Amino acid sequence: MEKSKKALIEKKLNQWFKPIQTTLPDIYMVGGSVRDCLLDKFPRDIDLVCHESHIGSAKSLAKLLASENKASFVPFLKKINEPCFRVVSKNPEQGFIDISPMRGNNIVSDLNLRDFTINSMAVKINPDGTMGDLTDPLDGAGDIKKKIIRISGPDVFSSDPLRMLRAFRFASALSFNIDFTAAELIKANAEKLKNISFERIVYEIIEIFKNDNACFFIRLMDEMGILEIIFPEIIPMKNCGQNAFHHLDVWEHSLLTLENCEHIINNLDKYFNKNHDKIKKIINQDNCIALLKTGSMLHDLGKPAEKSICEKKGRITFYGHEKTGGLIIDEISRRLRMSKKEREFLNILVTEHMKIFSLSDTGVKPITKMRWFRKIGDNAVFVLIQGMADIMSTSGPKSLEHHKNDLLKWAVDTIDLYFENIKPKIQDPNLITGKDLIEMGIKSGPEMGRILKQVREAQDSGIIKNHEQAVNLLDNLFTS
Numbered sequence: 001m002e003k004s005k006k007a008l009i010e011k012k013l014n015q016w017f018k019p020i021q022t023t024l025p026d027i028y029m030v031g032g033s034v035r036d037c038l039l040d041k042f043p044r045d046i047d048l049v050c051h052e053s054h055i056g057s058a059k060s061l062a063k064l065l066a067s068e069n070k071a072s073f074v075p076f077l078k079k080i081n082e083p084c085f086r087v088v089s090k091n092p093e094q095g096f097i098d099i100s101p102m103r104g105n106n107i108v109s110d111l112n113l114r115d116f117t118i119n120s121m122a123v124k125i126n127p128d129g130t131m132g133d134l135t136d137p138l139d140g141a142g143d144i145k146k147k148i149i150r151i152s153g154p155d156v157f158s159s160d161p162l163r164m165l166r167a168f169r170f171a172s173a174l175s176f177n178i179d180f181t182a183a184e185l186i187k188a189n190a191e192k193l194k195n196i197s198f199e200r201i202v203y204e205i206i207e208i209f210k211n212d213n214a215c216f217f218i219r220l221m222d223e224m225g226i227l228e229i230i231f232p233e234i235i236p237m238k239n240c241g242q243n244a245f246h247h248l249d250v251w252e253h254s255l256l257t258l259e260n261c262e263h264i265i266n267n268l269d270k271y272f273n274k275n276h277d278k279i280k281k282i283i284n285q286d287n288c289i290a291l292l293k294t295g296s297m298l299h300d301l302g303k304p305a306e307k308s309i310c311e312k313k314g315r316i317t318f319y320g321h322e323k324t325g326g327l328i329i330d331e332i333s334r335r336l337r338m339s340k341k342e343r344e345f346l347n348i349l350v351t352e353h354m355k356i357f358s359l360s361d362t363g364v365k366p367i368t369k370m371r372w373f374r375k376i377g378d379n380a381v382f383v384l385i386q387g388m389a390d391i392m393s394t395s396g397p398k399s400l401e402h403h404k405n406d407l408l409k410w411a412v413d414t415i416d417l418y419f420e421n422i423k424p425k426i427q428d429p430n431l432i433t434g435k436d437l438i439e440m441g442i443k444s445g446p447e448m449g450r451i452l453k454q455v456r457e458a459q460d461s462g463i464i465k466n467h468e469q470a471v472n473l474l475d476n477l478f479t480s
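Residue numbers for the sequence shown follow UniProt numbering, beginning at 1 and rising by one.
Be careful, since some hints might not be right.
In silico SDA-like links for lysine to any residue, alpha-carbon gap of 20 angstroms or less [to be verified]: (1) Lys5 with Ala71; (2) Lys453 with His467; (3) Lys375 with Gly326; (4) Lys443 with Asn430.
What follows is a set of in silico ranges between Cβ atoms, one per label pair, in the way DEER data are often shown [said to hold, decoys possible]: (5) His276 with Tyr319: 34 to 42 angstroms; (6) Asn91 with Asn112: 34 to 42 angstroms; (7) Leu39 with Phe216: 13 to 21 angstroms; (8) Asn476 with His403: 39 to 47 angstroms; (9) Pro92 with Thr362: 25 to 33 angstroms; (10) Val471 with Thr368: 20 to 28 angstroms; (11) Lys280 with Arg103: 37 to 45 angstroms; (12) Asp286 with Leu477: 37 to 45 angstroms; (13) Arg450 with Lys409: 30 to 38 angstroms; (14) Phe478 with Glu311: 50 to 58 angstroms.
These are calculated hints, taken from the structure and not from any lab test. These figures come from a predicted structure and were not determined experimentally. Heads up, the beta-carbon is just placed ideally off N, CA and C, and yes, glycines get one too.
Model the full structure from these sequences, guided by the hints.
Right under this line is the structure:
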């Protein structure tokens, strides 16, 4: 680790421990904090364990640190059945530290009970906050150099099946490989994920999808039998054949759509010359990237249920699959205990994913596009990016390259149009409000809503540009 980063950590620890005058129990920095140090990263969290003895405990140490530093003491469960005590400073630069009881009689016993070797290392923390020697009984440092995820013991997954997902999360975040023994144990224990709460599962899934290389590890999860435990709805998608516009079955097409979506996200500046900075701004909000990738993987959920053969044309069709898919994605997102906002976002990605085909038709009126953008706002950008990935993943004999290129260009141009023209119009205040209509004698109700909608559409279309023109339009509406 760079001396400068080490000095910063020691400075932070010194701030916490400097006020303490009493003798302290043995304290170690552990887990991800040590791993990040060896990866030459500044740890996001500082995790400490404290040897429980007559001198003190994790709880008493945390309370002492909180008292001496005028900080907050927050007990919680960092993991199932593992109490942790967080001490939060009022000084943002000092941040917080987490202190947990040491498991076993010594630090080596504690480290042997952890999930992966890269997380099974510790550094002694001296009373002045300086860092001592590395304790590494399982050669986690060696595995970091080899870039592999290796389990700390044979019972790692059976004791907490969620660790299987954590293996993929760490591998994805660090661009490491999962070693053979861990992979075989994941396959053998996959069913045990059914016993884990959905809240814990969805957190890990979102974290995996956030990474630039998520698709590779999602495919690996699928091969190891993990993915269909979490998303059993994908099982009918496998081996579900498609029409001549496609070269892959529904599931393989969906995985390729995810791959292409991820490629677009990773290369926004190459796909969108004009407005990639604006796209980055909205795509980096909340969990948008992870959810966009999830939606891309599941956009064709409804196809197996809606598959039929058109007798006249003699080809496979999936009429209405986007609506059916919307119902299924609602079930999935509710089961995974996602927030209302996340559920609505995924529903839009699935139910609206055919819009790139319908709205790009030359006969579509501008007002129709405007209504759609007004209806879903910035989410339209995500739908169109997903639509681009969908088109890029369609290479059957009837899928003409020039038509695909036309659709891709239309999507890029439409996103540019949205940021440069449509979004500013949508954000303009209404020229006529409900208050105006009440003053004109119109009562609140469906009629008022209809009038306001008509006036707003005229405003969006550029037919009216000021309040006076809006009033004239109202006069015409009342006359007619």
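So, going through the hints one by one against the coordinates:
Simply put, lysine 5 and alanine 71 have alpha-carbon atoms about 24 angstroms apart, too far for the 20 angstroms limit, and the pair is violated. Between lysine 453 and histidine 467, the direct Cα distance comes to roughly 15 angstroms. Compliance with the 20 angstroms bound is thereby established for this hinted pair. With a C-alpha separation of about 17 angstroms, the suggested pair lysine 375 and glycine 326 falls inside the 20 angstroms cut-off, and the hint holds. A distance of roughly 18 angstroms separates the Cα atoms of lysine 443 and asparagine 430; the hinted pair therefore holds under the 20 angstroms criterion.
A C-beta distance of roughly 35 angstroms is found between histidine 276 and tyrosine 319, which places it inside the suggested range of 34 to 42 angstroms. For asparagine 91 and asparagine 112, the Cβ-Cβ distance of about 36 angstroms falls inside the hinted range of 34 to 42 angstroms, so the restraint holds. The given range of 13 to 21 angstroms is respected by leucine 39 and phenylalanine 216, whose C-beta atoms sit roughly 20 angstroms from each other. For asparagine 476 paired with histidine 403, a C-beta distance near 43 angstroms keeps the hint of 39 to 47 angstroms intact.
Look at proline 92 against threonine 362: about 55 angstroms separates their beta carbons, and that is not inside 25 to 33 angstroms. Checking the proposed 20 to 28 angstroms range against valine 471 and threonine 368 shows it holds: the Cβ atoms sit about 26 angstroms from each other. Roughly 43 angstroms separates the CB atoms of lysine 280 and arginine 103, a value that falls within the hinted 37 to 45 angstroms. Evaluation of the 37 to 45 angstroms hint for aspartate 286 and leucine 477 yields a pass: the beta carbon distance comes to about 40 angstroms.
Between arginine 450 and lysine 409, the C-beta spacing of about 37 angstroms keeps the proposed range 30 to 38 angstroms intact. About 52 angstroms separates the C-beta atoms of phenylalanine 478 and glutamate 311, a value consistent with the hinted range of 50 to 58 angstroms.
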